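A.B. asks: Between the sequences and the hints, there should be enough to build the whole structure, so can you do that?
Quick note on our numbering: the sequence shown kicks off at 372 and runs consecutively.
None of these hints come from the bench; they were simulated from the model.
It should be emphasised that the depicted structure is a prediction, and the values quoted were computed from it without experimental measurement.
Take these hints with a grain of salt, some might be off.
Beta-carbon label-pair distances, calculated as ranges [claimed, not checked]:
1. E525 x E429: 12 to 22 Å
2. P465 x L512: 10 to 20 Å
3. D481 x V428: 31 to 41 Å
4. G496 x D522: 16 to 26 Å
5. D481 x E424: 12 to 22 Å
We put the beta carbon where it would ideally sit given N, CA and C, even for glycine.
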Amino acid sequence: MRNRLLAGVAVGTVLLAGGCGGTTVTAPEPTTPPIASGSPPPLPDESATPSFEPDDVEPRSGPETEFVSQTGRGTLQVVEFAWHEQGADAEAVPPEKSYLVLKLKITCADGECYHNPAAFRVDSGDGEVTFTGGRDGYGPLLGSGTLDTDDEVEGIVSFDLTQSEATLQFLDEFDDVAGEVEIPE
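C.D. replies: In C-alpha cells form, the structure reads like this:
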C-alpha cells in the first residue's frame, strides 16, 4: 500500500510540474533609470504671458415665447443675451466669428418638458452655426432632463456665428421646432 501511495504522489508531482501545459514566466531583470546629464530646462518667463482682458459687454434682456412639444408645453425665455468677441476666460477656445451667449429659462406649464442644450439651434441666414458645448467658458451651462408641470430650469447655451439678427429655435424630443424667438444683432 505504501508503494502505491508513493507512486501516486510521484505521478501527481510529474503532472503538476510539467504535464498541465503551463508556461514558465521569468521576471525581467530590474534596470536603473538613465542619469540625466546637462542643465535643467529653463523656467518659463511669466512676464511674457499675455494677460486676459474679459469682454466689457453689457447683456441685454431678450424675448420669450410659448412652446409646444410632443409631451408638454411651456415658456422659453431669453433672460439675457450678449455677443462676445472672445471666450469667458484665458482657457476658453476663441470664436471663429462671435459668441452668441444666451441665458435661458424654460418653464413647463403642462405635461413633461424636455430640455437639453443640444436641443437649440440658431438660424442666422448664413448656414454656418456652431453650438459651442461650453468650450467658450461661459456658464453655468443648461443641463439635460425633463421638467414636470410648474418646474423650471435656467442655464447658458452659446453659439459661434457671425453677429447678425438670428432666430433661436427650441427643438422637442423628435427634433421638431417646438418654439422660436428672434435675437437682435
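A.B. asks: Work down the list of hints and note, for each, if the structure agrees.
C.D. replies: Right, here's what the structure says about each hint:
1. E525 x E429: 12 to 22 Å: holds (19 Å)
2. P465 x L512: 10 to 20 Å: holds (19 Å)
3. D481 x V428: 31 to 41 Å: holds (36 Å)
4. G496 x D522: 16 to 26 Å: violated (34 Å)
5. D481 x E424: 12 to 22 Å: violated (46 Å)
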